[in-house]
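Guided by the hints, dock chain B onto chain A, whose structure is given.
Protein chains in written order, with the numbering used here: chain A, 1 to 264; chain B, 1 to 127.
In case anyone wonders, no lab produced these hints; they're calculated from the structure.
The C-beta atom is built at its ideal place from N, Cα and C for all residues, glycine as well.
Mixed in with the good hints there might be a few duds.
What the hints assert, rightly or not - Now the in silico label distances, taken between C-beta atoms and shown as ranges:
1. B/Q86 to A/E192: 16 to 24 Å
2. B/T18 to A/E114: 45 to 53 Å
3. B/D34 to A/S161: 42 to 50 Å
4. B/D16 to A/S147: 55 to 63 Å
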Amino acid sequence: MSKVIVVTSGKGGVGKTTTTANVGAGLAALGHKVVLVDADIGLRNLDVVLGLENRIVYDIVDVTSGHCRLRQAIIKDKRLPGLHLLPAAQTKDKTAVSPEQMQELCGELKKEYEYVIIDCPAGIERGFKNAIAGAERAIVVTTPEVSAVRDADRIIGLLESSGLSSPELIINRLRINMVKAGDMMSIDDILEILAIDLLGVVPDDDEVVISTNKGEPVVLNEKSLSGKAYRNISRRIKGEKVPFLNLESEGGFLNALRRIIGLK
Amino acid sequence: MYGGSTNLNVEDFFDDNTILVQRTLRSGQSISYDGNIVIVGDVNPGAEVIAGGSVIVIGALRGMVHAGASGDANAVVIAFKLLPTQLRIVDHITRAPDDVENLLDEMVPEIASLKNGVVTIERWEVR
Numbered sequence: 001m002s003k004v005i006v007v008t009s010g011k012g013g014v015g016k017t018t019t020t021a022n023v024g025a026g027l028a029a030l031g032h033k034v035v036l037v038d039a040d041i042g043l044r045n046l047d048v049v050l051g052l053e054n055r056i057v058y059d060i061v062d063v064t065s066g067h068c069r070l071r072q073a074i075i076k077d078k079r080l081p082g083l084h085l086l087p088a089a090q091t092k093d094k095t096a097v098s099p100e101q102m103q104e105l106c107g108e109l110k111k112e113y114e115y116v117i118i119d120c121p122a123g124i125e126r127g128f129k130n131a132i133a134g135a136e137r138a139i140v141v142t143t144p145e146v147s148a149v150r151d152a153d154r155i156i157g158l159l160e161s162s163g164l165s166s167p168e169l170i171i172n173r174l175r176i177n178m179v180k181a182g183d184m185m186s187i188d189d190i191l192e193i194l195a196i197d198l199l200g201v202v203p204d205d206d207e208v209v210i211s212t213n214k215g216e217p218v219v220l221n222e223k224s225l226s227g228k229a230y231r232n233i234s235r236r237i238k239g240e241k242v243p244f245l246n247l248e249s250e251g252g253f254l255n256a257l258r259r260i261i262g263l264k
Numbered sequence: 001m002y003g004g005s006t007n008l009n010v011e012d013f014f015d016d017n018t019i020l021v022q023r024t025l026r027s028g029q030s031i032s033y034d035g036n037i038v039i040v041g042d043v044n045p046g047a048e049v050i051a052g053g054s055v056i057v058i059g060a061l062r063g064m065v066h067a068g069a070s071g072d073a074n075a076v077v078i079a080f081k082l083l084p085t086q087l088r089i090v091d092h093i094t095r096a097p098d099d100v101e102n103l104l105d106e107m108v109p110e111i112a113s114l115k116n117g118v119v120t121i122e123r124w125e126v127r
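So that you can see chain A by itself, here it is in the shape it has in the complex:
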């Protein structure tokens, strides 16, 4: 089972960093030793989403340029003993690291950790090439928007030509009511274009915004549906067969009534 995983999307703002944080936390909560690598040099966010910003001393550029040892730059998560972060540099840019250095770094990390998860920057330039250089497996995140799906398709093509031949898909921020009304692309619409394996679907959920702003991954929130979706995705990454969530809310008095009188 490959364990250096890159989370990518092409388009910005679809939830790469949120996905990286939650999948990483999800795998760590299942007892795995995980390191998250923020490859978005110059626009680092993953530390903020994890609530670890104030613990950063050294970063990825310090490691690749030899200013510190790898172990010194890695931060332990405050909640999950298995979760670790290698933060990006904020004062440098993407050219501060080369794809060869990333390969070497990933090689070092996978000796120590069961899962190395790389948060890829938006775009298809140097930052993307760095992020995928050491990866053995790829997760493509998209939202149900034509532009995001178009960029995901482009990214899948680039991943395939870089030897990451079977990327898996996460559809983020799906609003089932809008899909039912025909106002949003459905899971099937997206899969018809992208034609890759589906790793999971995360519903649009206010809890994600709340927990991201608090620096607490939503995957640790037992009550939220999006947290459940991320927990299932984490288990699927391990290779477990987990059935897909039913995103339709079947509860409520009206639905119960409809069921009783046979409307459903």
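Positioned in the frame of chain A, the structure of chain B alone reads:
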């Protein structure tokens, strides 16, 4: 093997000059060839296919396609699902009307060809 069967002479087909592409073309990917192109897979939006001759897509054609790019007015485009962003034959450029979405509930193979100087799209039938 079968009584009365006639073997066609393979050499009669050599001039057809055709390549077989056994993959899906994704956004940003492009193929151009001065002959016929047969694609076994989809052509996604943002991908482009440029052929000197005809283009046949055994799948959904959603990207940009240019047949007869070097002037062959007999070039055609055939696809299982013909939904191109833009379709060009020789120097004629066409696109689907803006106000139409999914004209057909069930897609059938269609052929685009030049007829009297107009790009015409019809249900594809063996003639």
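Hint check results:
Against the hinted window of 16 to 24 Å, the Cβ-Cβ separation of B/Q86 and A/E192 comes to about 20 Å, which satisfies the hint. A beta carbon spacing of about 49 Å between B/T18 and A/E114 agrees with the range 45 to 53 Å that was offered as a hint. Between B/D34 and A/S161 the Cβ separation comes to about 23 Å, which falls outside the hinted range of 42 to 50 Å. Between B/D16 and A/S147 the Cβ separation comes to about 39 Å, which falls outside the hinted range of 55 to 63 Å.
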